[in-house]
Amino acid sequence: MSHAMATNAGTAFEPGAGVYDKKLGMWVFLGSEVMFFTALIGTYIVLRFGAAETWPLPSSVLNIPVTAVNTFILICSSVSMVKAYAAAVEGNGKGLRFWLLITVLGGATFVGVQVYEYMQLVGHGFAPSSGLFGSTFYTMTGFHGFHVSMGVICMSWVTVQAHRGKYDNGRYEGVETIGLYWHFVDLVWIILFTIVYLI
Amino acid sequence: MTTAAGHGQADAGHHGLSFVRKYIFSTDHKIIGIQFLFMSLFFLLVGGLMAMMIRWQLGYPGQPLPGGGGLPETMAPGGVILPEFYNSLVTMHGTFMVFFAIMPLLVGVYANYLIPLKIGAPDMAFPRINMASFWIAFVAGLIMLAGFFVAGGHAAAGWTSYAPLSARPDLSGVHMGQVLWLVSLIVLGLSSILGALNYITTIINMRAPGMHWFRMPLSIWSLFITAILVLLAMPILSGALIMLLFDQTLGTSFFSPPEGGQPLLWQHLFWFFGHPEVYILILPAMGMVSDIIANGSRKPIFGYHSMVYAIAAIAFLGWLVWGHHMFQSGMNPMLGTTFMISTMVIAVPSAIKTFNWLGTLWRGNIRLHTPMLNALAFVSMFVIGGLSGIFMASTPVDIFIHDTYFIVAHIHYVLFGGSLFAIFAAIYFWYPKMFGRMMSERLGKVHFALTFVFYNLTFFPMHFLGMGGHMRRIYDPSEYEFMQGMQGTNTLISIAAFLLLASQAPFMWNFFWSLWKGAKAPDNPWEDNGLEWTVPSPPPHGNFAKTPTVYHGPYEFASPLVTEDYLPQSRPVPGAGGRAAS
Amino acid sequence: MATTEHKHPNYMAIWAWLAGLTVAEVLVATLSHIPRHWLVLALLVMAIWKALLVALYFMHLRFEPRRLWPIVLAPLPLAVIMVMVILQEF
Amino acid sequence: MQWLPPQASTYAGDIDFMFWVILVITGIAFVVVEAALLVFLIRYRHRPGRRAHYTHGNTTAEVIWTAVPAVTMIALGIWSGRVWAEIKDRDRMPTDAFEVAIEAKQFEWTVTYPGPDGVLGTSDDFAVRNQLHVPVNRPVKIHLTAEDVIHSFFVPEFRIKQDAVPGMTIPVWFEATAMGQFEIGCAELCGLGHYRMRGVVTVHADDDLDLWLSAQTADEEAGT
Ligand code: HEA
Ligand code: HEA
Ligand code: CUA
Ligand SMILES: [Cu+2]
Chain A
1 MSHAMATNAG
11 TAFEPGAGVY
21 DKKLGMWVFL
31 GSEVMFFTAL
41 IGTYIVLRFG
51 AAETWPLPSS
61 VLNIPVTAVN
71 TFILICSSVS
81 MVKAYAAAVE
91 GNGKGLRFWL
101 LITVLGGATF
111 VGVQVYEYMQ
121 LVGHGFAPSS
131 GLFGSTFYTM
141 TGFHGFHVSM
151 GVICMSWVTV
161 QAHRGKYDNG
171 RYEGVETIGL
181 YWHFVDLVWI
191 ILFTIVYLI
Chain B
1001 MTTAAGHGQA
1011 DAGHHGLSFV
1021 RKYIFSTDHK
1031 IIGIQFLFMS
1041 LFFLLVGGLM
1051 AMMIRWQLGY
1061 PGQPLPGGGG
1071 LPETMAPGGV
1081 ILPEFYNSLV
1091 TMHGTFMVFF
1101 AIMPLLVGVY
1111 ANYLIPLKIG
1121 APDMAFPRIN
1131 MASFWIAFVA
1141 GLIMLAGFFV
1151 AGGHAAAGWT
1161 SYAPLSARPD
1171 LSGVHMGQVL
1181 WLVSLIVLGL
1191 SSILGALNYI
1201 TTIINMRAPG
1211 MHWFRMPLSI
1221 WSLFITAILV
1231 LLAMPILSGA
1241 LIMLLFDQTL
1251 GTSFFSPPEG
1261 GQPLLWQHLF
1271 WFFGHPEVYI
1281 LILPAMGMVS
1291 DIIANGSRKP
1301 IFGYHSMVYA
1311 IAAIAFLGWL
1321 VWGHHMFQSG
1331 MNPMLGTTFM
1341 ISTMVIAVPS
1351 AIKTFNWLGT
1361 LWRGNIRLHT
1371 PMLNALAFVS
1381 MFVIGGLSGI
1391 FMASTPVDIF
1401 IHDTYFIVAH
1411 IHYVLFGGSL
1421 FAIFAAIYFW
1431 YPKMFGRMMS
1441 ERLGKVHFAL
1451 TFVFYNLTFF
1461 PMHFLGMGGH
1471 MRRIYDPSEY
1481 EFMQGMQGTN
1491 TLISIAAFLL
1501 LASQAPFMWN
1511 FFWSLWKGAK
1521 APDNPWEDNG
1531 LEWTVPSPPP
1541 HGNFAKTPTV
1551 YHGPYEFASP
1561 LVTEDYLPQS
1571 RPVPGAGGRA
1581 AS
Chain C
2001 MATTEHKHPN
2011 YMAIWAWLAG
2021 LTVAEVLVAT
2031 LSHIPRHWLV
2041 LALLVMAIWK
2051 ALLVALYFMH
2061 LRFEPRRLWP
2071 IVLAPLPLAV
2081 IMVMVILQEF
Chain D
3001 MQWLPPQAST
3011 YAGDIDFMFW
3021 VILVITGIAF
3031 VVVEAALLVF
3041 LIRYRHRPGR
3051 RAHYTHGNTT
3061 AEVIWTAVPA
3071 VTMIALGIWS
3081 GRVWAEIKDR
3091 DRMPTDAFEV
3101 AIEAKQFEWT
3111 VTYPGPDGVL
3121 GTSDDFAVRN
3131 QLHVPVNRPV
3141 KIHLTAEDVI
3151 HSFFVPEFRI
3161 KQDAVPGMTI
3171 PVWFEATAMG
3181 QFEIGCAELC
3191 GLGHYRMRGV
3201 VTVHADDDLD
3211 LWLSAQTADE
3221 EAGT
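Residue numbers (the numbering used here), protein chains in the order written: chain A, 1 to 199; chain B, 1001 to 1582; chain C, 2001 to 2090; chain D, 3001 to 3224.
You may find that some hints are simply not true.
To be verified - Think about it this way: if two alpha-carbon atoms lie no more than 27 Å apart in a straight line, the pair counts; the simulated DSS-like pairs of lysine-lysine are: (1) B:LYS1520 to B:LYS1022; (2) A:LYS94 to A:LYS166; (3) A:LYS22 to B:LYS1022; (4) B:LYS1546 to A:LYS22.
To be verified - The calculated label-pair distances, taken between Cβ atoms and stated as ranges, are: (5) B:GLY1173 to D:ASP3117: 33 to 43 Å; (6) D:LEU3023 to B:VAL1453: 18 to 28 Å; (7) B:PHE1025 to D:ARG3047: 46 to 56 Å.
Stated by the list, open to error - Examples of chain A residues lying across from chain C (beta carbon under 10 Å, computed): (8) GLY31; (9) VAL89; (10) HIS183; (11) PHE184.
Rather than coming from a laboratory, the hints here were simulated on the basis of the structure.
Don't be surprised by glycine CBs; every beta carbon is placed ideally from N, CA and C.
So that you can see chain A by itself, here it is in the shape it has in the complex (with noise of 0.2 Å):
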């Protein structure tokens, strides 16, 4: 109906950015999540650049063996994610299920073996008011793994709704949407690993 009266309005006309609501609102909310991460991150560095000689080299205070199975851990969890999204594009309701319970395990693992950590470092006395590193260190670890969190109750809520069929036949927008959600936090994951744990 639309495109006939477009052609009434005189020129062709095509509003959008060509993607459905749900996923625009998707972006557009990861925009401001880069922008949130930026104040996070840029204070790392800015922090860290003027503290250079005294800040800590992180192997020296950061288990990195258990994080980086941890962020194998999340990136597989990514490869679920994406496979969940295949198979509700391909109407496939049991393929979806079983990824999307992956994804969750997944994501919940991920947070667990984060929560360890936490324990293990306070436990050897680095905490959030152990200096420029601390502060730093747990809160953009923190304030990703609270993405974790988030994520994971999302996409637990969009398991329960796969089981009810929301996603059948091809339905397959709010799978993605939650998807693009699930593998920004992957994505900040790999930045901050390799500046934070490596670097």
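We have chain A already, so just place chains B, C and D with the ligands on it with the hints.
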């Protein structure tokens, strides 16, 4: 695939909704806009009353505040305001005005109310997120108010909350108050971001057929660009606030030097948000004023395209100038020079806008209705505020006037003279659409005249205080010899300020009286072209009975193709449109 | 709503890349004899590479209409400007 | 109401001059805008039967009113930058200056003088509260810092203002041109005593300053 048709008509089962779903937890953008209106007017009044206490102390230092005997001992024993309470008042005046009055008035009320109506959409893209945005803002407001009732008093480090004063309870004596200030603004940030993503998505995806980018009214353009600023600036503030909160509570040391933290980092983050923020507070005002001036002049807006580009340019340059708040902060002086140049350049798009407004008036057929009067006041007062910005932008001059009342004068010329006059204009202009009743023109004009006079009497003399070196955020200027001669001016300002508040009485009366007793509003009382005027006042749930089609730009006043001097956007007239249609 | 036009990229291959790069990063980080700035550079390149893989394939940005790109990319220059300018303080 | 305070430092005149220049530029802009506004309001007010002139703009006019402010602003920026660099550029501060250190803290200024050896940071330095004594017609360089929160060192007659930031030592200089006493204000909100964080600069003739300084050191020694 995502034309307006994809969204269909939302007008289904509205009558079945309970009162609560219809007026409290409503997902209708119009109700949400009105909720924001009531909330932010309330906070405007709160901020105004705090200003009166500030002015009392400055006009009559040390004398008991009339009616202030009821205030607790910790604020004003015997009605005499304490220095720590004064600092809280200044902080909260700025905070409430900026974050809970002007910002929600522009971005909460008018973005919500106007966007779907003006682009021909049934509602926002995400109505439930929209509702959440209001209620989250409401909660933030409550948290902010709660700060007055906690031990140690409310936050008292200025609306800019410079660290380490704001980070160290041992140095400021304020802990819970600062924490609540931080939490409240973090919560508010979430609300703003949810609002912004809604506005952006709606404008990109839900324009009616024929509503090209360059057929959008300037109010929508400015709200769109403002939403982008909100979206990208608020999270920076949130991040900074969170770190400050951790400094307050968890013993981190981002902004406190003993452990290596950087006080200037807070200022960089705050102003990287803060300058875009002040444009968030002016761009929607400029957009709505453009609509109203074209309407009042009965003439197409002068230079529509350059108006759009100027908005975009101001918004973009707004990201590159934050350092002008930090010239004297100890920032690298060479950065200061860079920031000065970028700041100066912002005068150029502002000049374009100003002269285009004048160009719109030129050879018009000017109707001086109340919205138009307020819009004209916006132009003339914003220019004063903008021009005083040039003084401060010049680094050497800023050495002297930084942190003096010259800055306070600038703030109020741009924020009251600019934003608030535009808001008054918008309230008078769209009130008939919102509530289905006309406001009294006579009372409106009285309100305008009194406000205009006392506003200038209040804020213009502040320039002279600033030139005399009068610092800001000073509880009792008589401590300094060089300021003692300024007491007379201070008292004069205070009297004018009290009269300024009193001048709002006709407005409040008009506002509430007209809700019930105002004349019934026709669909298009101002003979305007926007799509919102083609639907009943107030518009039904779902807005348009049938998705409208847009045939030309929004400012086709005095078009030679029709006999009326206006031409609604949805009325097909072949060949109409001028440049705005291209 | 139309279905997506593109066929799915090989997700497992991307996964292998990501995993491989992660291993490479951890190994590179342990090399202590190369100059530090080269090490940092190498790590950053690998991190950005991984981030791009996720954005382009998992978030299928590669297959989205080009009109979406400005929205996605808008924040990045601002982020860079902010950090680079603040770094001028040192 | 008053205009700018008396000038008592070498660059006070430069700053004030910039101020007047900007006042003239903005004054012209102000008059043009407000006059046009008023004239248009009166000439083009609504009259029965009148119809507005139908136009969407004029490119020539727009180019002019874009270009004129652009050129003015950039010129003003470059000019201001020169004056600024003279005052605040840290590499261009006078080297032969009388040097003192000031530490701001809630709510006072601690001024540290170099002592008899004339060098700061040695054991014979001595400190005085809220009293800055400086020579006339000779550059003074202050090493400014803060102990607790941010303060701002402000002497209106000298047209100097510089924040004092904990964790940073910021150089500031001025050269007083008039003898006498001037007030030091704190221009950055620093807590509940911000409004009374007042100090005094006393500008002496050279010999007087030496007298004062040696009197202080004598006191110090007598005290210990
Ligand atoms: C709505 C809000 C708003 C707006 C629009 C502006 C607009 C501008 N502001 Fe303002 N500003 C504030 C709100 C705003 N400001 C606030 C709240 C503070 C204080 C914060 C705090 O510390 O608490 C502040 C502080 C502030 C400072 C810091 C001062 C200090 O602390 O020392 C500076 C310095 O450069 C500045 C500059 C400017 C400039 C150059 C503009 C320009 O955008 C103005 C451009 C407009 C014009 C120039 C007028 C129209 C143009 C013409 C008529 C053309 C002809 C003109 C010429 C040729 C000059 N502002
Ligand atoms: C939009 C913003 C805004 C507005 C409108 C105002 C309005 C006023 N301001 Fe404010 N002010 C700021 C923003 C604003 N201010 C900021 C950001 C600061 C800096 C804070 C800081 O330093 O941290 C500041 C600081 C500030 C100071 C400096 C304090 C100091 O440094 O020590 C002073 C002193 O006089 C002052 C006075 C006033 C006065 C007298 C008004 C009067 O105009 C008030 C008049 C009253 C009203 C405008 C309310 C009218 C109410 C209605 C119309 C509502 C009607 C309601 C219904 C219909 C339900 N303000
Ligand atoms: Cu020290 Cu204000
Ligand atoms: Cu600014």
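Status of each hint after checking the structure:
1. Between B:LYS1520 and B:LYS1022 the CA atoms are separated by roughly 22 Å; this keeps the pair inside 27 Å, and the hint holds.
2. Distance restraint check for A:LYS94 and A:LYS166: the Cα-Cα separation of roughly 13 Å lies within the 27 Å cut-off, and the hinted pair is therefore satisfied.
3. Simply put, A:LYS22 and B:LYS1022 have alpha-carbon atoms about 25 Å apart, close enough for the 27 Å limit, and the pair holds.
4. A distance of roughly 24 Å separates the Cα atoms of B:LYS1546 and A:LYS22; the hinted pair therefore holds under the 27 Å criterion.
5. A beta carbon spacing of about 41 Å between B:GLY1173 and D:ASP3117 agrees with the range 33 to 43 Å that was offered as a hint.
6. Here the CB-CB span from D:LEU3023 to B:VAL1453 is close to 24 Å, well matched to the stated 18 to 28 Å.
7. A C-beta distance of roughly 51 Å is found between B:PHE1025 and D:ARG3047, which places it inside the suggested range of 46 to 56 Å.
8. Interface hint at A:GLY31: satisfied, since its Cβ lies 5 Å from the closest Cβ of chain C, which is below the 10 Å cut-off.
9. Against a cut-off of 10 Å between C-beta atoms, the interface hint on A:VAL89 holds, since the closest Cβ of chain C lies about 6 Å away.
10. Satisfaction of the interface hint for A:HIS183 is found here, the shortest Cβ-Cβ separation to chain C being roughly 4 Å, below the 10 Å cut-off.
11. Below 10 Å, beta-carbon pairs count as interface contacts, and A:PHE184 has one with chain C at about 7 Å; its hint therefore holds.
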